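Participant: Got chain A sorted already, so can you dock chain B onto it with the hints?
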Amino acid sequence: MSRTPVVQVSGLTRDFVVRPRGHRLRGRRVRAVHDLSFTVRPGEAVGYIGANGAGKSTTIKMLAGILVPTAGEVRTCGLRPVQDRRALARRIGVVFGQRSQLWWDLPVAESFRILAAIHHLDAAGERARTGELVDRLEMGAYLDTPVRQLSLGQRMRAEVAAALLHSPRLVILDEPTIGLDVLSKQRLREFLIEERREHGTSLMLTTHDMGDVERLCPRVLVIDDGTLAYDGTLSGLSRTVGARRVLVVDLERPTEPLTGIPSTEHLSTQAQGLQQRLAFDPERTTAAAVLAAVSQRSEVRDLAIEEPDIEDVVRRIYAARR
Amino acid sequence: MTPTDAVSMPPAAARAYRRLLAAGFRQQSAYLAAAVGGLVANVTFGFLKAAILLATLAAAGGTLGGYDTGRMLAYVWVSQAMLGLINVSGRDVLGERIRTGDIAVDFLRPLDLQLAGLSTHLGTRLFTLLPRGLPTLTIGLLTTGMALPSGPAPYLLGAVSVLLATTLAYLAVYALNMSALWLVEIRGLQVTYMVVASFCCGLYIPVGIFPGWLETLARLTPFPSMLMTPVDVLSGYAVGTDALRLVLAQVAWVVVVGLLGHLLTRAGRRHLEVQGG
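Just so you know, the sequences run in chain order A and B.
When we follow this note's numbering, the leftmost residue of the first sequence carries the number 1, and every step to the right adds one.
When we follow this note's numbering, the leftmost residue of the second sequence carries the number 1, and every step to the right adds one.
One chain only, chain A, in its complex shape (with noise of 0.2 Å):
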């Protein structure tokens, strides 16, 4: 496989005029996204957070070509997106989360057929491809159904395969489980954790679902307020901004609160001290030693460790730049 990144992005700035109605004239510019710089390597997984407005979707649109930078470089699989936006189609898939890429009124297998050809699939080569996504995604029982009586969690399938039916070296996906159930999101991410292993395919994910994140992207961007403001790995991440976790104990007898334990805050005591809540910060003390200090005092019956919200740390990001 080729060592070109697939995305190289440098001082990419956009800027859009936003003009009050009746005024087509008068406007004022607003910098959507701001002098920024990275790079994904080829076989990559990134997630791209950030707040509504932050800039994602600006972002994602100037790596498909389809808007232009105000100013700054961008290559994506080491083509110019603008200029060689039909190149740049063969070798990225893109979903939109909110917008269909489906004929609506045909069936599923005709959409893959016209895709396959657009896509300058022989005959053999869409047989297979086809055959694969539709066993992995699970889609053979509705293929024959019309694209406007399927259920979202279905079409979302449907929608996820269209993109990667051309098996593209980058597949840029946008909010592509929102609105999706538990079970429809799990069954997703599995698809993209083996079509990555199986193809080697880079993948860059806008989300507000960070269990997308959590299991899909072992390297974060978060950008904010169009500049990038953490560029790592999740729990790099957490520990930055100083991100706490949360120990939940269940005790064998009601106890008085499990104030006092070193490096550890009190958060909340229910069922009469039956069940306590502590917080405690992974770099000055580890869950053994939290666990060990309260059962100094109760008998422990179950306990559990909840991880940091991510939409929490990304908060905290935020406050922390101000």
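Because the hints were derived from the structure by calculation, they are not lab data.
Bear in mind the structure is a predicted one, so any value in this text is a computation, not a measurement.
The beta-carbon is built from N, C-alpha and C at its ideal position, and this holds for glycine as well.
It is possible that some hints are incorrect.
Per the computed footprint, the stretches of chain A lying under chain B, defined by three or more beta-carbons under 8 Å from a beta-carbon of chain B, are [as the list claims (entries may be wrong)]:
| no. | region |
| --- | --- |
| 1 | 58-70 |
| 2 | 94-101 |
| 3 | 109-115 |
Have a look at the derived ranges for each label pair, beta carbon to beta carbon [as the list claims (entries may be wrong)]:
| no. | chain 1 | residue 1 | chain 2 | residue 2 | range |
| --- | --- | --- | --- | --- | --- |
| 4 | B | Ala267 | A | Arg41 | 50 to 58 Å |
| 5 | B | Val160 | A | Asp35 | 51 to 59 Å |
| 6 | B | Thr143 | A | Gly97 | 52 to 60 Å |
| 7 | B | Thr216 | A | Ala87 | 44 to 52 Å |
| 8 | B | Ala34 | A | Asp84 | 37 to 45 Å |
| 9 | B | Met194 | A | Arg322 | 49 to 57 Å |
| 10 | A | Thr145 | B | Val256 | 40 to 48 Å |
| 11 | B | Thr138 | A | Asp135 | 23 to 31 Å |
| 12 | B | Leu260 | A | Arg41 | 38 to 46 Å |
| 13 | B | Ala153 | A | Asp135 | 53 to 61 Å |
| 14 | B | Val256 | A | Arg41 | 46 to 54 Å |
Facilitator: Relative to chain A, chain B alone:
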């Protein structure tokens, strides 16, 4: 790529556009009830048009602008039969897709947007010939009758002319809808287009019986090539070199309007701001 480049397309690329054409055809077959509704409307207005125009002919002394009863009836029924084929409403899914931002999906395909749209459009429109166009013509023939040319030449040239008219009507609406990339909201423009195009193409009365100055003006636009030309060729109103000249004018308009749409697409892609996140 412009529609004229389509002739020299490699086979794999041509397969994609053929698939889109077939998809348009099949997609339209999902709306059979709408097609039957269209048939009823086309036939009803056909009788209305026939009554008014025959009364006009009678008042004018039997012929008007080269039309006698048989020719006028041919004009009525061929033009009504072609209504399912040509788009003079100004509206197209394209404008709607730009307004909602779904155009992003179209630009993410390795296709020429204009040619892909044309392929799908031709598929949907050709389908309407079966439940709408041909039955309208048949009903006209069986009820009022009409004058038809003899020999295969007018029919062959007529078929080419119908295809060119359908293509031209789409390419014009495509260019119009592309302006949504700048204007976003184009309903006013579409209504204006509908009024001008449907009159100037000869939908209400033949262009040949327009007042002289208006006929001259109309013939300077592409609109008569969208309806009047195939009607005149198929009805035998225009024959021989006259017919050939009219069809060549259609070809010229297809190239000009197609090129305009192509340039608008190129400029528009640089301007595109995908709506709706």
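Participant: Now, for every hint given, state plainly whether the structure supports it.
Facilitator: Right, here's what the structure says about each hint:
1. A count of 6 residues in the region 58-70 of chain A with a Cβ less than 8 Å from any Cβ of chain B is obtained; the coverage claim is therefore met, three being the minimum.
2. Residue count for the region 94-101 of chain A with a Cβ under 8 Å from a Cβ of chain B: 6. That meets the three needed, and the coverage hint holds.
3. For the region 109-115 of chain A, the stated coverage by chain B holds: 3 residues have a C-beta nearer than 8 Å to a C-beta of that chain, and at least 3 were required.
4. Take Ala267(B) and Arg41(A): their Cβ atoms lie about 35 Å apart, and the range 50 to 58 Å is violated.
5. For the pair Val160(B) and Asp35(A), the supplied restraint of 51 to 59 Å holds, since their beta-carbon distance comes to about 57 Å.
6. In this structure, Thr143(B) and Gly97(A) meet the distance hint of 52 to 60 Å, their C-beta atoms being roughly 54 Å apart.
7. Checked against the hint of 44 to 52 Å, the C-beta distance between Thr216(B) and Ala87(A) comes to roughly 48 Å, which is consistent with it.
8. Under the hint 37 to 45 Å, the C-beta atoms of Ala34(B) and Asp84(A), about 40 Å apart, fit the expected range.
9. In this structure, Met194(B) and Arg322(A) meet the distance hint of 49 to 57 Å, their C-beta atoms being roughly 53 Å apart.
10. Taking 40 to 48 Å as the suggested C-beta distance range, the pair Thr145(A) and Val256(B) conforms, at roughly 43 Å.
11. Take Thr138(B) and Asp135(A): their Cβ atoms lie about 49 Å apart, and the range 23 to 31 Å is violated.
12. With their beta carbons about 44 Å apart, Leu260(B) and Arg41(A) fall inside the hinted range of 38 to 46 Å.
13. For the pair Ala153(B) and Asp135(A), the supplied restraint of 53 to 61 Å holds, since their beta-carbon distance comes to about 56 Å.
14. Distance hint for Val256(B) and Arg41(A): a CB-CB separation of about 48 Å, consistent with the stated range 46 to 54 Å.
Checked against the numbered hints above, the structure breaks hints 4, 11 and satisfies the rest.
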